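Heads up: the protein sequence lines correspond to chains F and S, in order.
Start counting the first sequence at 1; every next residue gets the next number (my numbering).
Start counting the second sequence at 66; every next residue gets the next number (my numbering).
In short, the hints are calculated from the structure, not lab data.
Note that the coordinates shown come from a computational prediction; the quantities given were computed from them, not determined experimentally.
Yeah, the Cβ is synthetic: ideal placement off N, Cα and C, and Gly gets one too.
Be aware that one or more of the hints could be misleading.
[To be verified] Simulated coverage check for chain F against chain S, where a stretch passes if three residues somewhere in it have a Cβ under 8 Å from a Cβ of chain S:
| hint | segment |
| --- | --- |
| 1 | 18-32 |
| 2 | 53-59 |
[What the hints assert, rightly or not] Cβ pair distances, simulated, as ranges:
| hint | chain 1 | residue 1 | chain 2 | residue 2 | range |
| --- | --- | --- | --- | --- | --- |
| 3 | F | 4 | S | 297 | 53 to 59 Å |
| 4 | S | 129 | F | 43 | 17 to 23 Å |
| 5 | F | 25 | S | 303 | 56 to 62 Å |
| 6 | S | 171 | F | 24 | 30 to 36 Å |
| 7 | S | 155 | F | 24 | 18 to 24 Å |
| 8 | F | 10 | S | 155 | 21 to 27 Å |
[To be verified] In the DSBU-like style, the derived pairs of lysine-lysine whose C-alpha atoms are separated by at most 30 Å in a straight line are:
| hint | chain 1 | residue 1 | chain 2 | residue 2 |
| --- | --- | --- | --- | --- |
| 9 | S | 76 | F | 41 |
| 10 | F | 53 | F | 41 |
| 11 | F | 53 | F | 8 |
| 12 | S | 76 | S | 189 |
| 13 | S | 286 | S | 92 |
| 14 | S | 182 | F | 8 |
| 15 | F | 41 | S | 182 |
| 16 | S | 68 | S | 286 |
| 17 | S | 182 | S | 236 |
| 18 | S | 286 | S | 236 |
| 19 | S | 88 | F | 8 |
| 20 | S | 243 | S | 306 |
| 21 | S | 286 | S | 189 |
| 22 | S | 92 | F | 41 |
| 23 | F | 41 | S | 189 |
| 24 | S | 306 | S | 88 |
Chain residues, written in single-letter form:
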Amino acid sequence: MKINLNGKLVETHCHSLMDLVEEQGLNPTSLIAEYNFAVVKQESWGHIHIKDKDNIELLSFVGGG
Amino acid sequence: MTKDLLTLGNKTFSSRLLTGTGKFASKTLIAPMLAASGSEIITVALRRVDPTADQGNILSHIPDTVTLLPNTSGARTADEAVRIARIAREAGCGDFIKIEVITDMQYLMPDNYETLKATRILAKEGFIVLPYVMPDITITQQLYDAGASAVMPLGSPIGSNRGLEMRSMIKRIIEISKLPVVVDAGIGRPSQAAEAMEMGADAVLVNTAIATSGDPALAGKAFAMAVMAGRMAFLANLAGKNHLASASSPLTGFLRE
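Isolated chain S, as found in the complex (with noise of 0.2 Å):
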């Protein structure tokens, strides 16, 4: 097989499983699941400095070899999303953004209008846009012609690990999106993220189940390999499912004709 690797702007990767930095209970267990998950590609957020809390670098426990990707959360507009993610390249993060506008604070729904504007603006500056969006198949068109390097439709709500309530849209979307799809936010199991790989999503974006598992590094591992087997099962084109039966041995009777 040759090498089948994720592009995402300018980027080539072999991990398809993208993770997170929230939620873990001490930052030193990011590095070990890093390293035991094989993910190249990590989120961090951006806030207002709290001189009461500890002022440890996060950045300090992310290896060189994986690519940054801030997020956006905490943006109510198009506009903060701009601005955040200006300084977070300014910040020396690269150009790699995941836009997250989110102004439904009861089910922490995206906006795909403002993430659509602010998708516009910034792909114009040369960022590599995935912006985080409700499943639907006209903003996967709207984003792919703003200039957005992937489209990151919901599985679930953010941290319900509650995995893929939205399969049919995500379907819909894996068929008609020019735009590598990559499934964010509520994918709580591995069978989930497997199941996400084998509809043909490109990739996956797991951080809660992971960070607040009891065992991230095991934990980041166990979805590295689902994630590689529902790879590996889309490329294998499986069959599909048969109402009736079908042996798979000979239907002849054993020393009867």
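One chain only, chain F, in its complex shape (with noise of 0.2 Å):
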């Protein structure tokens, strides 16, 4: 399946949230996931399965003025 990973088209077989972020290799700790333009807490990222066209912003705070 095809989703929208921060503004481009990804191809992906991952099931859950977690899984992707897993996947992308990426630090869960400081990163904020928003599922289908609502922010999904972590604790429920195992949760959210991932569908076809799912459109996924990964997140996170960096510096600035």
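Mind assembling these two chains? They're in different frames, but the hints should get you there.
See the structure below:
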């Protein structure tokens, strides 16, 4: 299936949001996930089942003025 | 003197120096800067994660006692700013939000119209909205009506260190604003921060000048002292300039009439 991840079409076979974070090699501690335009708390990432055409944003806080 | 506190929304602060987390050579310099400057509010930004970049958590470098002020940098429209604000709050950053909507990528001037639209929406949702704007009398009144908790006019372009190029407009805003006035952007030296405070600004926000200095903790302290000095001078109601000399000592000649 293809999902829209951070604005790019990405092919993935991940089942859950947690799998996706792992597949992308990201450190979950400082990560914010938006699943189809709603922020999802980290505790729920394992329960979010990824479907074709889902829109996912993986964000983090960075330095800024 | 009674305690001179800055009130933004439902919170009070003893420091009138707001700082930012951008442009530090290392995140480890942020906590010592906060300790040395006494700054109680610091900005952070939100971005798509970059798997190739350092994934250290910037929030872990900010003590819990310091209020986070997420900004909406990167937003080109009111809707994008609103979306960033909601994400930041959901992510546990609290209710403070600095609205920054920029469409002019050459001079990085804020878009007052989109900023006002975002302010209206976010204030209704209970955010403590601190909008970064082009200094303008009308927008100051409109932001008050929209429920903003402060107005943050720019001193000069972001990161330019040019000080209060907007001096006369900022003075007018201080005269008429019913909201706290936080001079944001362009303040490059402690003397410029002091000048803003002497004029009656309620606070200043300094990021680049502190972060890019050779010693951010020392620079932070210098800015904090300048902000305090400027504030005290404002409260002391200094006399204005005189065209002519006015003797400080008696004008009678020594041993003469």
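Hints versus structure:
no.	hint	in the structure
1	18-32	holds (count 8)
2	53-59	holds (count 3)
3	F:4 x S:297: 53 to 59 Å	holds, 54 Å
4	S:129 x F:43: 17 to 23 Å	holds, 21 Å
5	F:25 x S:303: 56 to 62 Å	holds, 59 Å
6	S:171 x F:24: 30 to 36 Å	holds, 34 Å
7	S:155 x F:24: 18 to 24 Å	holds, 21 Å
8	F:10 x S:155: 21 to 27 Å	holds, 23 Å
9	S:76 x F:41	holds, 27 Å
10	F:53 x F:41	holds, 21 Å
11	F:53 x F:8	holds, 11 Å
12	S:76 x S:189	holds, 18 Å
13	S:286 x S:92	holds, 18 Å
14	S:182 x F:8	holds, 29 Å
15	F:41 x S:182	holds, 28 Å
16	S:68 x S:286	holds, 20 Å
17	S:182 x S:236	holds, 25 Å
18	S:286 x S:236	holds, 26 Å
19	S:88 x F:8	holds, 27 Å
20	S:243 x S:306	holds, 27 Å
21	S:286 x S:189	violated, 36 Å
22	S:92 x F:41	holds, 25 Å
23	F:41 x S:189	holds, 24 Å
24	S:306 x S:88	violated, 39 Å
The earlier numbered hints that this structure contradicts are 21, 24.
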